Amino acid sequence: MQIIQPEEVLAESYPPLSEHEALVEANRCLYCYDAPCTQACPTHIDIPKFIKKIATENLVGSARTILESNLMGASCARVCPVQELCEGACVLNAEEKPIMIGRLQRYATDHVYQRNIEVFRAGSATGKKIAVVGAGPASLTCAGELAKLGHRVTVFEKRELPGGLSTYGIIVLREPVEVALAEVEMVKRLGVEVKTGLELGRNLSLEELRAGHDAIFLGVGLGSVPAMGIPGEEHILDGLNYIEASKMNPHNLEVGQNVVVIGAGNTAVDCATVAKRLGAQQVTMVYRRTDQEMTAYPHEYAFAKNEGIEFRFLSQPLGVLSEGGRVSGLRCVRMELGAPDASGRPAPQPVTGSEFVLKADQVVKAIGQEKPSLAKLLGLATEKGYIKVSDDLETSLPGVYAGGDCVRSRGSASTVMAVQDGKLAAFAIHRKLMPQGVAADD
Amino acid sequence: MADLRINFAGIKSPNPFWLASAPPSNSGAQVHKAFEAGWGGVVWKTIGAPVLNVSNRYGAWHYGSQKMLAINNVELISDRPLEVNLAEIRDVKRHWPGRAVVVSAMVESNPEAWRDIILKIEDSGADGIELNYGCPHGMSERGMGAAVGQVPEYCEQITRWVMDVAKIPVIVKLTPNVSSVVPPAKAAIAAGANALSLINTINSIVAVDLDTLEITPNIGGKGGHGGYAGPAVKPIALNMLSSLGTDEVVRKSGLPISGMGGISTWKDAAEFLLLGASSLQVCTAVMHYGFRIIEDLCDGLSNWMDSKGFRTIDEVVGKSLNRISDFKDFDLSFRAVARIDPDKCIQCNLCYVACNDTAHQCIDLVDANGNLVQPYAYDVRSNGKRQAVSTRAQPQVREEDCVGCRLCYNVCPVEDCIEMVELPSGRASVTWDELSRNKTEVTTDWEAMKKYREEVGIEIH
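Chains A and B, in that order, are what the protein sequence lines are. Okay, so the first sequence: first residue is 1 according to the working numbering, each after it adds one. Okay, so the second sequence: first residue is 1 according to the working numbering, each after it adds one.
Keep in mind that the hints were calculated from the coordinates and are not lab data. Note that the coordinates shown come from a computational prediction; the quantities given were computed from them, not determined experimentally. Treat the hints loosely; a few may be bogus.
Stated by the list, open to error - Straight-line C-alpha distance at most 25 angstroms; calculated DMTMM-like pairs for lysine to aspartate or glutamate:
hint	chain 1	residue 1	chain 2	residue 2
1	A	Lys97	B	Asp343
2	A	Lys49	B	Glu83
3	A	Lys97	B	Asp341
4	B	Lys344	A	Glu84
5	A	Lys52	B	Glu415
6	B	Lys344	A	Glu96
7	A	Lys49	B	Asp364
8	A	Lys97	B	Glu415
9	B	Lys67	A	Glu95
10	B	Lys67	A	Glu57
11	A	Lys49	B	Glu447
12	B	Lys344	A	Glu25
13	A	Lys97	B	Asp211
14	A	Lys432	B	Asp416
With the hints as constraints, model all of the structure from the sequences given.
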């Protein structure tokens with residue numbers, strides 16, 4: 001039997017562009033004016049500008065152009081659903097094929113990270129102190145932007161490593177851990193202090209933070225994958241933990257032979273991919289609606305099918321079957337689509353007498369994440385369970401801002417949306433703390 | 001099938017394409033290979049005075065992903081022994097009697113040297129001689145090449161020495177490194193030359209190396225001007241070619257002109273023919289892609305001629321010369337405006353920025369309801385392709401303000417998306433020449449001009 005090396009099968013799927021590939025691709029860009037790619041990018045990176053700079057071999061300038069709008073540009077270059085964003089809006093979709101914007105962005109940002117080139121410097125000190133809770137993309141962006149403006153920023157992270165989902169929650173095929181940690185280092189070099197192992201509500205209090213800081217930003221993300229509420233629940237693995245194990249400790253990740261993944265979002269696809277790549281013979285994704293309603297992007301769906309992952313649509317898990325403490329199957333019922341529900345999507349209804357059992361020795365759930373529990377703890381106003389914020393990303397507590405997945409009551413959660421929140425929150429905090437507009441630019 | 005044969009000043013060739021006197025025609029082996037590929041003729045790399053060459057020799061100008069839009073060289077004339085060249089010329093001509101073999105020559109400026117080289121070339125069996133009055137580097141420092149071509153008197157004198165001896169057709173090759181090629185051309189005509197050719201390479205420094213600060217090409221830390229050639233010089237060559245075709249003296253002389261300077265495709269070739277060239281020489285394109293390009297040069301030209309009903313090369317030669325005119329004779333009342341086809345437009349907005357930043361500010365961005373939109377007006381919270389694409393504004397020309405500058409047409413990346421539409425101006429046809437003769441004050445006084453514009457209805461915003 002062939003021995004599977006996790007480092008090989010889970011390695012970043014796209015190779016970096018060669019210099020030649022990057023130049024040819026950059027020269028193919030039309031350099032649109034008021035380009036649709038830039039509008040489609042949630043952080044509005046001036047894409048034609050950074051691509052033009054690749055074409056002129058000004059790679060430091062190119063990276064700076066990217067990072068000025070998106071401090072997590074190296075992560076976003078890898079994890080953004082570019083088909084839905086910049087590349088999806090490229091005018092060349094009409095003529096030939098879109099520019100490989102994501103991979104060019106990676107080419108430029110890799111250039112500065114691999115050479116330890118400092119793109120930004122901390123601004124001159126304002127004397128203001130800001131606490132940032134959480135160390136994911138929204139928090140790191142907010143912290144970095146504030147440091148660029150001269151504020152003293154401390155990041156408080158509950159986990160061992162900073163980086164949030166970039167570090168723990170995105171499979172290596174899409175983003176290696178080192179990329180996320182390099183971004184953390186970049187932010188630290190701007191003077192941001194990162195303290196790990198500190199969790200708000202556990203060993204850190206809001207009062208403490210408020211006493212010592214002029215403003216607070218919460219980029220705490222969401223919680224674990226919610227309970228299914230079905231018999232055998234205790235046998236179901238949390239998809240995020242599954243992905244985390246594939247990144248942090250892949251040799252010790254036990255993967256079944258028949259893996260069933262519940263859910264059909266992008267995280268579910270990632271879990272299924274990990275299982276398949278690590279040797280599962282059969283990987284089946286179970287979803288109670290159809291491919292029309294699932295939240296995985298079309299390109300992710302295509303990717304999964306290409307990996308040999310099977311899909312069981314219109315199937316609702318009813319319980320995990322086990323024999324002697326070991327999972328033996330997942331009992332499901334067939335569904336049919338009825339009238340639209342609260343989400344506007346057709347509500348699935350069970351079909352009487354259509355129960356069936358999927359053979360499984362491992363069941364993983366990836367059906368979204370729990371709403372932020374911190375909102376209740378801190379007494380923050382919420383919207384659909386998410387932290388409610390103003391246009392300036394300020395919560396119901398004055399001086400306390402929030403961004404990223406924890407405020408994503410509308411739209412889909414993504415790294416790039418979190419970055420934009422962090423950036424806008426940083427500017428809003430700066431405006432509030434520095435009404436005279438000191439050091440607005442470096 | 002069009003007949004591509006030519007008879008150029010008595011030199012016959014199965015097609016009008018000759019390798020120009022340059023590295024591709026440096027040896028018998030190369031010329032054999034070129035003729036096997038289908039080239040109609042060759043102008044052998046210049047033979048004559050003894051030389052030594054250097055390395056590096058060639059620099060190039062690249063743009064975007066396109067390599068070698070132009071080449072620049074400091075290579076001299078043939079550095080192979082004269083007798084070797086002559087023997088190979090003889091051998092080539094014996095093997096390829098139906099192809100044109102012209103030999104380029106350049107020697108010191110004295111009648112004996114020229115007499116000697118002409119006799120040797122004729123003895124080789126060559127069909128013609130090209131006098132290299134154009135080499136802009138190295139040889140010119142020694143009083144040859146461009147040093148001759150830039151002074152009509154020298155040009156005439158040396159051509160006379162040659163014509164006294166020569167029994168085969170003599171082509172005088174002109175340098176472009178002059179303010180006008182007409183005086184040297186007239187000098188060659190006066191001396192009895194049988195034909196002209198142009199252009200030789202243009203003085204140039206092609207690049208400075210930004211790592212080493214050295215000149216490109218770098219010759220042991222030094223560099224200097226070299227001869228510039230390739231696609232980028234074509235417009236300059238076409239202008240010089242047409243300046244000969246429109247000159248009274250040159251035209252009346254009836255001397256055929258061999259055209260060169262950036263010919264890379266059959267389209268370039270057709271343009272040279274239309275502006276008066278009756279044989280065509282190619283170098284840079286061959287140096288870039290090899291002899292094989294001859295196939296499409298002939299095939300494309302032949303198909304185009306068929307589509308246009310031209311049966312022979314002669315029918316094409318000079319066909320567009322009558323359209324070359326001076327500005328003063330242009331119709332000032334001719335009106336064209338740009339029109340953008342919204343079905344073809346991909347909304348890259350290159351026309352918009354070009355027009356608004358650098359031309360005449362007559363392209364607007366218009367939304368689906370016909371309202372004007374300012375660029376970059378979207379909300380910072382906008383995200384995703386759907387919003388970006390569905391709200392994308394359409395560039396639209398305000399025809400009443402369009403001056404017909406044609407910049408948008410030139411920058412548009414989509415084929416046939418922007419059209420220059422001819423519209424009636426509502427004004428009687430008039431040229432500047434007529435104005436200066438009939439309404440002199442309008443051409444000399446702004447107040448009179450203002451009045452005239454009001455009178456005929458010319459509004460400039």
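Do the hints match the structure? See the list:
The hinted pair formed by A:Lys97 and B:Asp343 meets the criterion: a straight-line CA distance of about 18 angstroms does not exceed 25 angstroms. Pair hint A:Lys49 plus B:Glu83 does not hold up; C-alpha atoms about 58 angstroms apart against a cutoff of 25 angstroms. Between the alpha carbons of A:Lys97 and B:Asp341 the distance comes to roughly 21 angstroms, so the proposed pair stays at or under 25 angstroms and holds. Restraint check for B:Lys344 and A:Glu84: the C-alpha separation of about 23 angstroms stays at or below 25 angstroms, so the hint holds.
In summary, the hint linking A:Lys52 to B:Glu415 is supported, as the alpha carbons are separated by about 23 angstroms, within the 25 angstroms threshold. As the CA atoms of B:Lys344 and A:Glu96 are separated by approximately 13 angstroms, the hinted pair is consistent with the 25 angstroms bound. A hinted pair counts as satisfied when its Cα atoms are at most 25 angstroms apart, and A:Lys49 with B:Asp364 qualifies at roughly 22 angstroms. Note on A:Lys97 and B:Glu415: the hinted pairing holds, with a Cα-Cα distance of about 16 angstroms set against a maximum of 25 angstroms.
Distance hint between B:Lys67 and A:Glu95 is fulfilled; the C-alpha atoms sit about 24 angstroms from each other, no more than 25 angstroms. For the suggested pair B:Lys67 and A:Glu57, the alpha carbons sit about 16 angstroms apart, so the restraint of at most 25 angstroms is met. At roughly 46 angstroms between alpha-carbon atoms, A:Lys49 and B:Glu447 are farther apart than 25 angstroms, so this suggested pair is violated. For the proposed pair B:Lys344 and A:Glu25, the alpha carbon gap of about 23 angstroms is at most 25 angstroms, so the pair holds.
The suggested pairing of A:Lys97 with B:Asp211 is violated, with an alpha-carbon distance near 35 angstroms, which exceeds 25 angstroms. Taking the CA atoms of A:Lys432 and B:Asp416, the gap is near 53 angstroms; set against the 25 angstroms cutoff, the hint is violated.
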